[in-house]
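Generate the whole structure from the sequences, applying the supplied hints.
As they're listed, the protein sequences go chains A and B. Residue 113 is where the first sequence starts when you use this note's numbering, and the numbers rise one by one after that. Residue 113 is where the second sequence starts when you use this note's numbering, and the numbers rise one by one after that.
Bear in mind the hints are in silico, worked out from the structure with no lab data behind them. Treat the hints with care, since some could be wrong.
[What the hints assert, rightly or not] In the DSBU-like style, the derived pairs of lysine-lysine whose C-alpha atoms are separated by at most 30 Å in a straight line are: (1) A:K304 <-> B:K316; (2) B:K304 <-> A:K365; (3) B:K316 <-> A:K343.
This one's a predicted model, so the numbers in the text were calculated from it and none came from an experiment.
Protein chains: 2
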Amino acid sequence: MYIPQEKYLRTVKAELQQRLNIISQWNIQPGSRILEIGCGQGDSIVILANLVGEEGHVTGVDPAPLDYGDPFTVAQVHANLKSSALGPRITFEQATLQEHLESNPDTQYDYAIFTHCLWYFGSPEELNPMLASLRGRAKRLLIAEFSLDARGDRTTVPHLLATLAQGEESSRVAGVNYDSNIRSLHTPISIKKAASEAGWVLDKESYVDNPPEALDGRREVQAVLSKEYEKGIACEPDEIRRRFAEALVEALKAAIDSLGPGEEVRTMSSWLGCFA
Amino acid sequence: MYIPQEKYLRTVKAELQQRLNIISQWNIQPGSRILEIGCGQGDSIVILANLVGEEGHVTGVDPAPLDYGDPFTVAQVHANLKSSALGPRITFEQATLQEHLESNPDTQYDYAIFTHCLWYFGSPEELNPMLASLRGRAKRLLIAEFSLDARGDRTTVPHLLATLAQGEESSRVAGVNYDSNIRSLHTPISIKKAASEAGWVLDKESYVDNPPEALDGRREVQAVLSKEYEKGIACEPDEIRRRFAEALVEALKAAIDSLGPGEEVRTMSSWLGCFA
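Structure representation (structure tokens):
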């Protein structure tokens, strides 16, 4: 896929700004040893590696295939980061958290971090054992995920509704549409519940608004308004579930139509939880 | 249940105003013969009987039990209306539409009207045969139902989300929770589709804002935030469906929390369709 360079840079900048807004809330100290779970292409890693300084280290684990990603693959971006000045402070590992912890049984971390990755999990039940396995391995647990909260702003209502629509889809066709961005709809409450069950104690929670340029909201809206999504609904054999899925799409379209001239879909704010 | 008279009168007034706003869009002529389906206690009938004048007539059919309703039952309200000056222009029949049409095979109507009753149907599939049976018996078909559209107003987002939550519930436990207000989530698109399949042609559609005093939004929010609703979700054996239902309730709570000081939940606007 060809993306004009200017547009691509704008997107990258917005994504980095979003991560920076989140991570700057966590007051991470130089010299920290960090484990980032579900690091993807490494958007947060760049910022974290900068914060921990020369004495610190950031390990990013993600089981995603290395050829995932567009216009650059995971492998390309990782190689680029590794060859940068921050390279020595970064380790990437293509592995699940479990694999990583088992193959490094003595490594301890100051922070275990999940930034905007829980919704990609194959199933919401995967979170509990992960959080349990981090007990005794990390001093603090930091989690950021989009909230289900439009925060009174009508330009974020479409992102909320597109998220609910995909949450409905994933409750109906779990495992089938692996391309969906929201396969595992976690919320502040479900995250706090999972953390508590794993023995973590909530220290602080807050919300961070995302920059207007962040594309997550628009991307989720496009996914739900796609022909493919419509086809998926049309295949649903249960009439009443199909109707409910259609109603969610209709509510989304209405929310977009209600935006004023010049108003664009904005990404919802992120919820941040800090556990000890 | 005891309701202070002043509060009860305010509620009745808001409900009548809401129906008046809707019905006044339809330009109903004096002398008209009207069939109202799902007339309930007769909120719309009062207004319609007034509009059609002495030469007109309004027949209201509803299969609901006559002891339904609080603080006054359907039977009480009907008896009261029948004994009023408008009484001679009104006929109430405890019957389904099918029963009514079959027992009055030669009666023709100028209008067949559904005002805010489709969501009470036991199943959304009930609408199609009803609309088909009205072909040749009524010249025009007028339908009003709440839209799934917050219309850019954050005070109506809770009504939208409470509606979606109950739509989800009815897709999961159809027929079980007969007390739910939304057992059959129809939307402008699903209504237009059903009408078209039954041979009706859309003449005009529009939206009408509901008065700030209308209680529908607050009532649906209360229903979803009730202990009973929570218990219903907790019983859901399918983990992923239970989580999605919980997420809808959480999104609703967030939408309420985001209201400013003095802001109250407002009822969504109504969608109106006029078919010939």
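Against the structure, the hints come out as follows:
{"no.": "1", "hint": "A:K304 <-> B:K316", "in the structure": "violated, 49 Å"}
{"no.": "2", "hint": "B:K304 <-> A:K365", "in the structure": "holds, 16 Å"}
{"no.": "3", "hint": "B:K316 <-> A:K343", "in the structure": "holds, 29 Å"}
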